[in-house]
Amino acid sequence: MAAPPLRLLTAVPLCDGHDSAISTINLELARHGIEVVYLGYHQSVAAIVRAAIQEDVNAVGLSSYNGGHIVFFKEVVGQLKAAGSGDIPVFGGGGGTITPADARVMQRNGVDRIFFAGTPLDRIMAEIKTRYARPAKPDRKFKGDRALARAITLAECRVGSPNPATAGGTLRPDAKKSRPKAATTAGKTFVIGVAGPGGAGKSTLIDELTSRFLQKIPRGRIGLLANDPSHPGTGGAILGDRVSAIYAQDDRVFFRSLATRGSLTGLSAAAPAAIEILRSSGEFDLIFVESVGVGQESDPFGVFHGRKLVDAVLYVLPPHYGGRIQLQKIALLNGADLVVLNKCDDPRAHAAKAEIQTRLDQNQRGQHLHATTAAKHSDLGVDRLFAVIAKLGGLDPARGGEKACQMEVSP
Amino acid sequence: MSSLGRIADAVAAYNQFVTAEIARARTDAKFAAELRARWAKIRKSVEWTQSPTGTKLPRLALPDTAEPGAIADFLLGQGLPGEFPYATAAYREMYLDRDQGAGEEPMRLFAGLGLAEDTNARFKYLSRNQKSLRLSTAFDGPTLYGLDSDHEGVLGKVGEGGVAIDTVEDMLRLFADFDLTRPDASVSMTMNAPAPVILAMFLAATKRRFGPGCLQQLRGTIQADILKEVQAQNEVIFPVDASLRFLGDMIEWCVPNLPKWYPVSVSGYHIAEAGATPVQQAAFTLANGFTYVELLRQRGVDVNRFGPRLSFFLDCGLDVEYLVLGRVCRRLWSIGMRDVFGADAKAQLLKLHTQTSGRSLIAAEFQNNLTRTAVELMLAYLNYTNSCHSNSADEPFTTPTEKYALLASHAQSILLEESGLFKHMMNLFGGAPGLLALERQVEQGILDVFREMDTLGGVIPAMEQRYQRSKIQEAGHAYEQQIYSGRRPVIGLNRYVTDEPLPHVPLARTAPRKQRLQVERLKAFKKKHAKKAPTALQRLENVTRSSGNVFGELLDAVEVCSLGQITACLTGVVGKFRPMV
Ligand code: B12
Ligand SMILES: Nc1nc2c(ncn2[C@@H]2O[C@H](COP(=O)(O)OP(=O)(O)OP(=O)(O)O)[C@@H](O)[C@H]2O)c(=O)[nH]1
Ligand SMILES: [Mg+2]
Chain A
1 MAAPPLRLLT AVPLCDGHDS AISTINLELA RHGIEVVYLG YHQSVAAIVR AAIQEDVNAV
61 GLSSYNGGHI VFFKEVVGQL KAAGSGDIPV FGGGGGTITP ADARVMQRNG VDRIFFAGTP
121 LDRIMAEIKT RYARPAKPDR KFKGDRALAR AITLAECRVG SPNPATAGGT LRPDAKKSRP
181 KAATTAGKTF VIGVAGPGGA GKSTLIDELT SRFLQKIPRG RIGLLANDPS HPGTGGAILG
241 DRVSAIYAQD DRVFFRSLAT RGSLTGLSAA APAAIEILRS SGEFDLIFVE SVGVGQESDP
301 FGVFHGRKLV DAVLYVLPPH YGGRIQLQKI ALLNGADLVV LNKCDDPRAH AAKAEIQTRL
361 DQNQRGQHLH ATTAAKHSDL GVDRLFAVIA KLGGLDPARG GEKACQMEVS P
Chain B
1 MSSLGRIADA VAAYNQFVTA EIARARTDAK FAAELRARWA KIRKSVEWTQ SPTGTKLPRL
61 ALPDTAEPGA IADFLLGQGL PGEFPYATAA YREMYLDRDQ GAGEEPMRLF AGLGLAEDTN
121 ARFKYLSRNQ KSLRLSTAFD GPTLYGLDSD HEGVLGKVGE GGVAIDTVED MLRLFADFDL
181 TRPDASVSMT MNAPAPVILA MFLAATKRRF GPGCLQQLRG TIQADILKEV QAQNEVIFPV
241 DASLRFLGDM IEWCVPNLPK WYPVSVSGYH IAEAGATPVQ QAAFTLANGF TYVELLRQRG
301 VDVNRFGPRL SFFLDCGLDV EYLVLGRVCR RLWSIGMRDV FGADAKAQLL KLHTQTSGRS
361 LIAAEFQNNL TRTAVELMLA YLNYTNSCHS NSADEPFTTP TEKYALLASH AQSILLEESG
421 LFKHMMNLFG GAPGLLALER QVEQGILDVF REMDTLGGVI PAMEQRYQRS KIQEAGHAYE
481 QQIYSGRRPV IGLNRYVTDE PLPHVPLART APRKQRLQVE RLKAFKKKHA KKAPTALQRL
541 ENVTRSSGNV FGELLDAVEV CSLGQITACL TGVVGKFRPM V
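If you read the protein sequences in the order shown, they are chains A and B. Using this note's numbering, you'd call the opening residue of the first sequence number 1 and step up by one each time. Using this note's numbering, you'd call the opening residue of the second sequence number 1 and step up by one each time.
This is chain A alone, in the form it adopts within the complex (with noise of 0.2 Å):
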C-alpha cells in the first residue's frame, strides 16, 4: 500500500465567486489522487483557517479573482499562525489579477507559492504533489481542534497501512490520553450514525439539526464526521461536504470529512477511530457519523453485528424510494433507532408516510416516522426531530434552554 493521499482544502475568498478555476483544479487533484477538501466560494478568513485545522490538510489552497488577495492572503497565513497551525503552507493562484509583483509580496508575507495565468495544469499538479507530501506525525506541539484533527489524520494513516499495528503515531498525541474512556464518558457524548440512500438529504438534515444545536444548546460543542467515497481509479477524492453544511461554519462544531479510501462499508475505515477520538475528547454533546449513500442491505454502523458503532442510527429516506418491495428490502428500517421521511415538500411523502409507517410497525419496536423538510428554513419537522434526539441523547437543557432560541432577526 502506497502512502496515504495528499490532502488539501480549496476554497474561494470571501465576496468572490469565481470558482471555475478551482473546480478545474480540484476535478484535477482528484484525478491525481489527492484528497480535496473543498470548502466553497465566498468564504471568510475565519471559516478557512477553521477547516484548515479541523482537516488537517497538507496545505491550503486559494482561488482569488475578486482583488484584495494581498490582504486575504495574508490574514489566513496569520491567522493560521495564531491558531498554532502555521505548519500549513497556503498556496494559490488568480489568474493575471495576482501579478508577479504581487506575488513577490505575498510571498514576503508568508503565502508559499501563486500559480499564474496559463501555468500548465500538470505543473501544477507535479508541483503540488512534491511541494505538500509529507507524512503526518504526532505533535505535541498541537492544541485543541488540532490535536484531535491529528489524531483522526494518524488514525486514517493506520488503518490504510499494511501493519495497522506499528505503521504511523500513537491514536492522540498524548497516549495516555487517547485511550477511549467509555466508562467516564458514556452518557456524555451521544453519536448519531446517519444513513440512507445517496441523496436522501442526509447531510441537509445535519446542517438543520446542526444549526438547531446551536440555537437550543448555548455551550457545548457538536462534531460532524462525514464519509465520502473514494475515486476506485485514482484514490483521490473530491470532498464536498463543507460547502453545504452552512452551520457548521462555527467554533462549536468541530466537522471532519473522511474520505473511504477503498473501504465498501459506506464509512471510513478510520471511523471508529474517529468517533473514539471526539468520544474521548469529551468535548463533544453530540456527533453525526454521515455515511455515503447505502444500499438496501448495508449496515455501515455495524447494527445487526452486535458491535454497534454509535448510540443510535438515524435512517433518512426520500419519498421515491421505489415502493412497499423497495420498503420490506431495506434491513436498516429494522435496526434504527430513528427513521425519518425526508423531502416532505414532495407531493409523494403523503403516501409516503403511511407506508413506511405500516412497514415500521411490522417491526413490533415502536418505531415512530419522523417527517421533515430539511431544505426548508426553520422547518417545523426538524424542530422536531431535534427534540427527539435532544430527550434520546438526553442533551442538558440546564447547558441552554429556550433563551438561546429566539432568533436575532434585524442588525
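Treat the hints as calculated values from the structure; they're not laboratory data. A portion of the hints provided could be inaccurate.
As the list claims (entries may be wrong) - Interface residues of chain A toward chain B, partial, derived using beta-carbon atoms under 10 Å:
{"id": "1", "residue": "A3"}
{"id": "2", "residue": "L14"}
{"id": "3", "residue": "D19"}
{"id": "4", "residue": "A21"}
{"id": "5", "residue": "Y38"}
{"id": "6", "residue": "T99"}
{"id": "7", "residue": "P100"}
{"id": "8", "residue": "F190"}
{"id": "9", "residue": "G199"}
{"id": "10", "residue": "F304"}
{"id": "11", "residue": "H305"}
Just so you know, even glycine gets a beta-carbon here, dropped at the ideal spot from N, CA and C.
With chain A held as given, fit chain B with the ligands onto it using these hints.
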C-alpha cells in the same frame, strides 16, 4: 412534462410546418402565387442606398430567387428582419446609418471601480466617446453579496472589480450630473441577489433628483437573474424560493410602474464564462427564461405584459457556434413564446445584449486580446445583437484602465461607424450554407439539452440535482485540458510562444484610503438614520413574513437603511442559501 419538453416539441412541430409549407409552395399553385405576390411586394419595398464609393446597394439583402419553395423557406424558416421567427434580426434596420446617429446605439460598456465618484468619472470618460448615454454598472464583491463595506473581512475588496454601493447616498453620487430622463439615456446594473434592494436605491436616488414622474421615462436593465447565479455566477444570498419571490415582487412592481425598464436580463454570459459550451449556454439560458415566464404566469401576470420586459444577455467567444448563437436563440424563443405560452408579437421578441468573451482573453502576449475582441465583436454584430460590451485588452489583469477601455469602445465604433459592413445593408449572410448548417446543428444541440432537462423535471429540479453545475464544470475542465494539452490553440500561450515575461500592466486598484472613506461614509449614514432604521427594518420584516410585496417596502427602507442592514433583515426571515459544489 415540464414546459421544456413542450417547447422542444413545438420547435420540432414548427420545423415540420416549414418543411410542409415549402412542399406546398412547390405543389399548390394558388399558394405559390400568393407567395410570389408577397415576395414581389417585399422586394419592392426595399429601399436602395449607396456606399461611399458609389456602389448601389439594397438596404435589405433578400435571397435572389423567385422559386416559391425558397421564398417560403426564407420567410417562414428565417423570417424578415423584425418578423417571426426573428432568426435574421429583431428589428428591420438595426445598425443601418449608424454614423448618422440613426437607430439605437448598441454600445454599452460595463464599468465600475472604486467609490461612486470614481465610477461617475469613468462614466463621463466613456460617454464622451459615445453618441448616446449608456451607463452600465459593475458593482464590487461586497455589494454583489449584499454586504456593507464595514462588514468583517471585506475591506480589501471594497471598490475592487466594481463600485462600492452601500446606501442611497452612494447611488446619488454614482449618477450625479447625468440626465437619466433623456430619451437616449439607459442605465444597466449587473446586480443579482440584492437586485431589488439596489433597484430600490436607484429609484429613490432618481426620484430625489428628477421627481416621482421620472419613473415613466427611466430606461434601463437590472440583471436580477437568480437562476444563473445558482448555476454559474454564485452570487446567491437567500434560498432559491425566497430569491424567486423577491424577484417576482420586483417584476410585478416594475411592469406597471417602470414601463421602459427591463427588470430581468436572462443571462448566459456567466454560464459560458464559467465553462459551458455555446450550446449549453444557449440551452440553459433559454430554459431559465422560460422558467421565469412560467413563474410569472403562476403569479397571475399576463405573459403579454411582462414578456416584452424580459431581456437576454449572451457571451460571444471565438468558437464557430457563436456565428449563429444569437440567431438561433431568437428563433427558439419566439417559437416557444408563441406556440407554448401564447405570447403576442412583442412578447415573442428576444432582445439581446452581448459581451465578448473575457475568458478567451489571456495574460500571455495580452495585446493579442485586441484582435480576439475584434473578431468576437464581428460575430456579435453578425448576430445583430441589440446591445454590446467589448472587453478591454487588459481584462486578465485588472478592472479596465482608461486606455484599454477606450480602445475597446473604439473597436465597436470602428466596426459600426467607420467600416461599411453594417451601415448600408441588412442580412449580410443569412441563408448562407455554412450558417444554415451551423444553425441546424446548434438548434438540435439545444433541443437535446431541453429534453434532457425535461426528463429531470425541468430547470429547477435539474438545478437541485446539480445538473447544470456539473455540466458546466465538466465543460470548463475540458476547455482547460484542451488548452494545456495543446488541442485548443491559443496564440502566445500554447502556440507561437515567445519567452517574454509577463508584462508590467498598469492596474486600476482602489487605494486603502478610499476604502476607509467608504466605511466612514457608511458609518455616518447609519448614525444619521439610527433612529429610523429599526422601524423601517421592522416593517420590512413584517411584510417579508406576510405574503405582501417586498419590493414596495424596500422603496421606503432604502431611504434610511444600508444594503447590509436590509440583507441581514431579509436573511433573518427567509434564511440563507445553501450552496452546492
Ligand atoms: C470567468 C470569469 C468570470 C465568470 C466566473 C464564472 C465562475 N463561476 O468562475 C463570471 C462571468 C461569472 C465573472 C463574474 C465576475 N467577474 Co470575472 N472574470 C472571469 C475571467 C474572464 C476568467 C477567470 C477564469 O476563471 N479563468 C480560468 C482559469 C482556469 O485560468 P486562470 O485564471 O489563468 O488561472 C490559472 C492559474 O492562476 C491557476 N489558478 C487559479 N486559481 C488557482 C488556485 C489554486 C489553488 C491553484 C493551485 C491554481 C490556481 O489555474 C489556472 C491555470 O494555470 C477573468 C478575466 C481573465 N481573462 O482572466 C475575469 C475577472 C477575474 N473578473 C472580474 C470581475 C470584476 C468580475 C465581477 C466582479 C464583475 C462584476 N462587477 O459583476 C463578477 C464577480 C462574480 C463573483 N460572483 O464573484 C475581474 C477582476 C478584477 C480585479 N480583481 O481587479 C477580472 C480580472 C476581469 C476584469 N478585468 O474586470 N467572471
Ligand atoms: N425538495 C427537497 N429537497 C431536499 C430536502 N432535503 C434535501 N434536499 C435536496 O436533496 C439533495 C441532496 O441532499 P443532500 O443533503 O446532499 O443528500 P445526502 O443524502 O447527504 O446525499 P449523499 O451524501 O450524496 O448521499 C440536495 O439538492 C438537497 O437540497 C427536502 O426536504 N426537500
Ligand atoms: Mg451527504
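Here's how the hints hold up against the structure:
no.: 1; hint: A3; result: 26 Å, violated
no.: 2; hint: L14; result: 5 Å, holds
no.: 3; hint: D19; result: 6 Å, holds
no.: 4; hint: A21; result: 8 Å, holds
no.: 5; hint: Y38; result: 6 Å, holds
no.: 6; hint: T99; result: 7 Å, holds
no.: 7; hint: P100; result: 6 Å, holds
no.: 8; hint: F190; result: 25 Å, violated
no.: 9; hint: G199; result: 8 Å, holds
no.: 10; hint: F304; result: 32 Å, violated
no.: 11; hint: H305; result: 33 Å, violated
Comparing the model with each numbered hint stated earlier shows that hints 1, 8, 10, 11 do not hold.
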